[in-house]
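Student: Using the sequences and the hints given, assemble the complete structure.
4 protein chains.
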Amino acid sequence: MITPDSLLRFFLETRKHTEAICQPLEIEDYVVQPVAEVSPPKWHLGHSTWFFEEFILKPHITGYKVFDNDFSFVFNSYYESVGEHVMRSDRGNLSRPSVEKVYEYRTYVTKAINDVMEEKQDNHLYDLIEMGIHHEKQHQELLLTDIKYILGNNPLLPPYSKNLKEHQEETHDQEWIPIAEGIYGIGHDSGNFSYDNELGRHKVYLNACEISNKLVTNQEFIEFIDGKGYQNFELWHAEGWDWVNKNDIKAPLYWHKIKGEWFHYTLNGLQKITPNTPITHISYFEAFALAQWKGCRLPTEFEWETAQQYFTWGQRWEWTESAYLPYPNYKKTAGALGEYNGKFMVNQKVLRGGSVATPIKHTRPTYRNFFPTHTRWQYNGIRLAR
Amino acid sequence: MITPDSLLRFFLETRKHTEAICQPLEIEDYVVQPVAEVSPPKWHLGHSTWFFEEFILKPHITGYKVFDNDFSFVFNSYYESVGEHVMRSDRGNLSRPSVEKVYEYRTYVTKAINDVMEEKQDNHLYDLIEMGIHHEKQHQELLLTDIKYILGNNPLLPPYSKNLKEHQEETHDQEWIPIAEGIYGIGHDSGNFSYDNELGRHKVYLNACEISNKLVTNQEFIEFIDGKGYQNFELWHAEGWDWVNKNDIKAPLYWHKIKGEWFHYTLNGLQKITPNTPITHISYFEAFALAQWKGCRLPTEFEWETAQQYFTWGQRWEWTESAYLPYPNYKKTAGALGEYNGKFMVNQKVLRGGSVATPIKHTRPTYRNFFPTHTRWQYNGIRLAR
Amino acid sequence: MITPDSLLRFFLETRKHTEAICQPLEIEDYVVQPVAEVSPPKWHLGHSTWFFEEFILKPHITGYKVFDNDFSFVFNSYYESVGEHVMRSDRGNLSRPSVEKVYEYRTYVTKAINDVMEEKQDNHLYDLIEMGIHHEKQHQELLLTDIKYILGNNPLLPPYSKNLKEHQEETHDQEWIPIAEGIYGIGHDSGNFSYDNELGRHKVYLNACEISNKLVTNQEFIEFIDGKGYQNFELWHAEGWDWVNKNDIKAPLYWHKIKGEWFHYTLNGLQKITPNTPITHISYFEAFALAQWKGCRLPTEFEWETAQQYFTWGQRWEWTESAYLPYPNYKKTAGALGEYNGKFMVNQKVLRGGSVATPIKHTRPTYRNFFPTHTRWQYNGIRLAR
Amino acid sequence: MITPDSLLRFFLETRKHTEAICQPLEIEDYVVQPVAEVSPPKWHLGHSTWFFEEFILKPHITGYKVFDNDFSFVFNSYYESVGEHVMRSDRGNLSRPSVEKVYEYRTYVTKAINDVMEEKQDNHLYDLIEMGIHHEKQHQELLLTDIKYILGNNPLLPPYSKNLKEHQEETHDQEWIPIAEGIYGIGHDSGNFSYDNELGRHKVYLNACEISNKLVTNQEFIEFIDGKGYQNFELWHAEGWDWVNKNDIKAPLYWHKIKGEWFHYTLNGLQKITPNTPITHISYFEAFALAQWKGCRLPTEFEWETAQQYFTWGQRWEWTESAYLPYPNYKKTAGALGEYNGKFMVNQKVLRGGSVATPIKHTRPTYRNFFPTHTRWQYNGIRLAR
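Protein chains in written order, with UniProt numbering: chain Z, 1 to 386; chain V, 1 to 386; chain G, 1 to 386; chain P, 1 to 386.
Hints may contain errors.
Stated by the list, open to error - EDC-like, lysine to aspartate or glutamate: derived pairs with alpha carbons at most 20 Å apart:
(1) P/Lys111 <-> P/Asp68
(2) V/Lys101 <-> G/Glu26
(3) V/Lys272 <-> V/Glu261
(4) G/Lys343 <-> P/Glu234
Said to hold, decoys possible - Taking CB as the label site, the calculated pair distances span:
(5) G/Thr3 <-> V/Lys272: 56 to 64 Å
(6) Z/Ala20 <-> P/Lys16: 38 to 46 Å
(7) P/Asn69 <-> Z/Lys361: 43 to 51 Å
(8) V/Pro155 <-> P/Glu223: 34 to 42 Å
Think of the hints as simulated: they come from the structure by calculation, not from any bench. Cβ atoms here follow ideal geometry from the backbone N, Cα and C, with glycine treated the same way.
Tutor: Spelled out as structure tokens, the structure:
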């Protein structure tokens with residue numbers, strides 16, 4: 001359990017860090033939404049603030065004065081319990097509230113939570129605040145990947161910052177970690193924070209298998225491309241094959257072939273592909289096809305969780321073969337916060353690990369991320385099993 | 001292992017039975033395709049015939065003369081290895097080949113297979129023929145459900161036949177069958193026929209739970225409707241909630257409210273709903289929502305396979321909570337037949353059991369059926385677990 | 001004015017001719033609807049019959065017994081005044097009523113009208129019947145072009161009949177007919193039948209111009225294709241250019257390039273293109289682009305009507321530059337029949353002439369046909385002006 | 001003919017005025033594009049600048065240094081002759097170039113044109129510059145109506161400015177101006193500026209009719225609404241009726257019914273409807289239906305041009321019944337500027353007049369504006385004829 005003092009510090013650091021992520025942006029960058037799943041940075045700033053206002057300040061603090069009554073409509077993401085909201089695909093149509101106004105909103109709510117924590121001692125409130133912090137950290141990751149999408153799809157390809165390093169080589173040799181057949185424990189059970197979807201430590205039975213200690217590299221993916229992997233239907237799911245052909249997919253997201261050489265947009269601008277760094281920005285369909293092509297498969301999330309101690313991870317969210325499903329005895333949180341995880345448990349795949357965009361202290365071995373199978377704008381990667 | 005003699009008998013019976021299903025149809029009924037996933041009956045007749053011609057006669061019988069070279073283009077379903085094919089959604093645009101011509105095609109191929117079996121002794125060929133028979137049996141089920149869709153969406157609501165009985169009461173009391181925590185064996189291992197997706201008998205670890213010995217009834221579903229189940233977002237997956245609202249879903253497929261009373265289209269024509277028979281024609285989304293509303297959940301396919309001996313089944317394909325995924329050590333069949341199962345193992349749910357439309361000898365306790373989550377035109381049903 | 005006797009003969013001949021058009025069809029051909037604007041032949045048979053029942057028998061004949069109450073829902077095309085109807089794009093989803101039943105319906109209604117005409121002397125009724133005959137003649141033309149679409153888009157390319165000749169050479173030399181600047185009279189004014197959209201003989205002022213006495217030929221269109229006409233945006237309207245690119249249009253409808261040579265589907269089956277016959281099955285967009293490419297333009301409908309006596313016409317409906325608009329003092333017919341023309345007077349182009357598919361006695365110099373600009377399945381042609 | 005001095009002054013005033021229109025905006029307002037036909041203000045600023053650079057500076061000024069090579073891709077609207085461009089619907093996805101950079105671009109190009117005019121005496125160049133000024137004035141109008149759309153569809157409904165007055169009463173009595181049957185001259189023929197689509201003064205023959213000296217008011221439109229005009233298919237074109245039902249149209253754009261009273265968003269913020277001011281923000285479909293409901297019709301553009309001297313106009317662009325077609329002997333301007341008008345002459349309606357958003361000196365009695373029939377975001381209005 002976290003102490004009230006360190007919770008407050010954690011809260012303030014998190015709020016500040018969100019704003020630091022936006023520091024290199026022009027005001028215009030805060031506003032646009034090139035595709036439905038990429039939200040405007042301004043919206044992330046407002047939404048992570050509204051979460052504290054809606055679930056903590058409004059219901060629990062007597063006399064709290066809402067910053068602006070219209071903001072609930074604008075910054076609610078999908079909580080049906082909380083009333084109507086702007087359609088997700090329309091977020092990029094809103095020029096107002098202005099960025100300046102959204103920062104005022106942040107300051108107002110940060111101060112209000114700060115005041116509450118200094119005045120009230122209430123463990124339930126602390127739990128909600130901790131939840132709000134983790135929620136904001138999740139949005140920090142989306143914020144960065146959404147910024148990358150906004151800039152990386154602009155014809156001017158403007159760099160975001162020279163400091164962030166997205167592509168780091170794994171220098172160790174590739175080895176296969178064996179998992180022996182048998183019963184293993186899965187799921188979260190410490191007293192620390194976790195989401196409801198990780199809970200319910202339980203047993204699973206695994207068959208013997210091996211899992212790679214190294215992520216698939218750009219070089220290996222280029223071999224797949226050169227080996228006509230995108231043209232060979234045998235490697236693909238039927239739905240993946242349709243996706244490839246309908247969208248004319250020929251390379252990972254952000255890749256450009258210029259005069260016979262592969263480049264990709266990075267947060268530092270357009271750069272040559274580095275062969276030995278882990279591949280990223282590929283969909284589950286592509287991860288699966290690459291694995292097929294290698295004569296391997298993707299690990300299940302249970303294999304991954306069992307073996308994770310034997311490899312370094314944290315650069316890429318790693319696609320698993322597991323569908324996103326409830327654990328045995330899954331109980332969703334009561335009230336609106338119960339909409340957080342459970343209602344997405346269909347037609348998505350689990351990703352495990354964490355990425356260069358994941359805020360520190362935000363992931364853990366039992367963390368279950370999830371995305372639809374065509375998703376590419378996160379720092380997704382591939383680890384093979386066999 | 002089936003003997004050559006009984007295989008031949010099995011083959012001839014199956015071919016005859018497919019035609020018997022079509023016997024009550026007008027020629028016009030053979031042609032239409034009201035939605036993309038419902039194929040014209042004529043197409044099923046031709047496709048199940050083409051399967052024998054393409055995978056058995058053409059590659060294995062020297063001197064075999066193809067009935068009509070254009071038919072491969074018309075009757076291939078999705079086998080990419082075998083060349084181009086009519087887009088699935090365009091099958092209902094083809095008036096030719098005529099029904100009469102398709103029956104000639106059937107007779108021609110049935111005779112050719114019959115001749116082969118009388119002349120050749122070849123176990124590999126027998127295996128392929130057995131595969132073709134099971135393939136045709138699968139299409140018999142689709143044929144009947146597609147016919148129901150074609151007639152049930154016609155404004156004249158014509159009956160198909162007076163003989164088929166779709167709705168049979170389960171007269172026993174509802175009880176909860178306990179499953180004890182522990183390791184269970186899953187998957188097919190006898191010498192009899194099975195598909196590749198059932199193979200690889202393996203262990204799974206189950207938590208203690210209970211599973212109902214009785215299917216959910218129409219009466220229970222009406223209570224869900226009357227209890228505003230379709231209006232309560234808390235019961236639904238986010239994707240299910242979108243589906244309900246976008247398609248304005250208010251009842252199972254084929255249900256009509258006439259002067260305050262529920263009727264449904266059946267193969268015998270429009271009839272009053274019988275409260276005590278098992279609900280059917282509901283999507284996975286609806287099955288899940290009904291379970292939530294009852295404070296229960298759907299069983300996993302492993303729980304179902306473990307408990308199935310304790311309940312009578314076979315009236316409804318039963319939605320499970322399990323995503324359709326490969327078993328450990330799954331190996332897809334070599335060649336074009338490998339396209340049969342593996343490439344659909346993403347974003348679909350497993351159904352277990354078998355329905356009133358399932359041909360005899362076609363299902364078994366390890367059989368894994370699968371459909372996308374919004375699918376309703378099969379005889380899907382609901383069994384609860386907790 | 002037509003006499004009652006000849007009206008009856010005209011009626012019976014028309015009814016018989018509709019059925020004669022369908023005589024070469026298989027039952028399956030009556031049912032399909034490959035695209036929304038092509039109706040199943042069965043529907044034309046029923047709809048032209050329903051028109052007599054709905055507008056003549058039901059309102060005017062005491063004691064008339066409707067053949068089947070559900071048919072109004074099935075066979076109404078778009079008359080909003082007459083109640084609900086099957087959506088246009090769903091006509092091909094209806095296997096019932098069967099073709100046999102539709103022919104019974106025809107016989108029943110033909111007899112009823114025949115009886116009425118023998119028993120009643122009522123000029124208003126005669127007018128309505130004449131309207132119904134002309135309506136059926138319009139559908140005869142659509143019936144034939146819809147049949148061509150159904151067969152011509154079938155991968156087996158079955159011929160319809162060996163007798164119908166769609167492509168007849170114009171053997172005279174090409175000349176330019178001059179029109180002198182001045183005032184001309186436009187519109188219908190004889191006592192004979194016409195539609196409301198032709199009425200109101202009125203003056204228009206024309207500038208001096210010239211109009212070709214000959215239709216554009218296949219050969220000229222091939223030169224346009226070879227001259228990269230489909231690739232040169234300067235020749236196209238912006239909307240036409242989008243249409244070409246979105247639909248990947250490279251030749252007229254029904255054209256196939258086989259081993260370097262142009263073929264087209266005709267009602268006699270697949271045939272080599274004959275260079276000297278008039279081009280057909282092109283959209284307004286293509287007609288406009290071809291004219292641009294020739295340094296000419298399309299005539300207006302007023303120029304056409306003024307000059308029509310100097311050329312033979314009747315093989316092709318000829319695209320004009322005129323938008324389909326009401327004439328001065330246009331009055332739409334009262335009641336449901338007023339929905340016949342007026343409500344389509346927006347975003348369509350006028351075609352003048354008549355085609356090989358037009359029934360005799362059905363067109364005249366003042367007849368105004370109209371279609372949306374992308375339409376190609378009619379026997380459209382091109383006449384140039386400058 | 002305009003003198004070089006006054007042309008320069010005209011140029012500089014126009015450039016300044018465009019920027020003045022944007023003065024009340026927040027930076028965020030410059031960026032968004034809520035629907036495809038509404039461009040971001042930033043784009044208008046850049047595009048009207050690019051026009052001078054592309055068509056004047058680049059081809060005609062030796063040694064001119066392009067401001068930024070990527071801007072041609074970003075700010076080309078649809079000129080196919082000039083190379084590739086951002087898809088129209090993607091303009092709102094571009095956060096860069098920033099607003100500041102776009103203003104730098106404007107200053108750079110304004111200075112370059114200014115320098116050219118001071119150094120060079122070249123009538124052809126003057127003509128092009130005059131064309132560029134008129135082009136920019138057209139965009140000034142779009143800029144204002146696009147800003148209104150952006151702010152008026154924001155849930156906060158922010159006002160744009162308190163100064164602009166969109167709704168001015170016509171205080172004179174309604175009268176019908178008679179037009180006598182006969183020949184009239186139509187089209188532009190003075191030496192002053194006009195677009196190519198107005199040229200070719202020519203004769204048309206008009207029938208006797210009457211045209212209102214007053215625009216249709218909000219009050220009259222409310223009577224249409226209260227009289228169930230939106231529910232009566234008889235008043236609508238078939239395409240208009242589909243549009244109304246598909247988009248659930250129940251009132252003009254920007255209208256809101258709040259507690260039983262009609263309000264509308266104006267550039268001054270949300271206000272009560274004023275009954276006696278001219279209706280605006282209605283589509284051609286609605287204008288036509290209102291006219292039908294009144295037992296009248298819309299005037300043709302020829303009737304309008306003939307009678308315009310007898311009424312005050314300039315508050316609303318007025319829908320006419322005329323399709324946008326070329327005048328006799330229409331010649332499109334050579335080169336890329338020929339793409340300006342001619343390629344849109346299909347499936348659009350002519351509007352005559354000019355609106356509160358039209359810059360002074362920008363419209364004239366022969367000016368032909370044109371929009372697709374469903375368009376509502378311009379200040380469209382209704383004048384009746386009969």
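Student: Take the hints in turn and mark each one as holding or not.
Tutor: These are the hints, each one checked on the structure:
A distance of roughly 16 Å separates the Cα atoms of P/Lys111 and P/Asp68; the hinted pair therefore holds under the 20 Å criterion. For a cut-off of 20 Å, the pair hint linking V/Lys101 to G/Glu26 stands: about 11 Å separates their Cα positions. Proposed proximity of V/Lys272 and V/Glu261 is supported: the alpha carbons are some 8 Å apart, at most 20 Å. At roughly 8 Å between alpha-carbon atoms, G/Lys343 and P/Glu234 fall within 20 Å of each other, so this suggested pair holds.
Roughly 57 Å separates the CB atoms of G/Thr3 and V/Lys272, a value that falls within the hinted 56 to 64 Å. Between Z/Ala20 and P/Lys16 the beta carbon distance is about 40 Å. The supplied range of 38 to 46 Å therefore holds. Distance hint check for P/Asn69 and Z/Lys361: the Cβ-Cβ separation is about 45 Å, which falls inside the suggested range of 43 to 51 Å. The hinted range of 34 to 42 Å is satisfied by V/Pro155 and P/Glu223, whose Cβ atoms lie roughly 39 Å apart.
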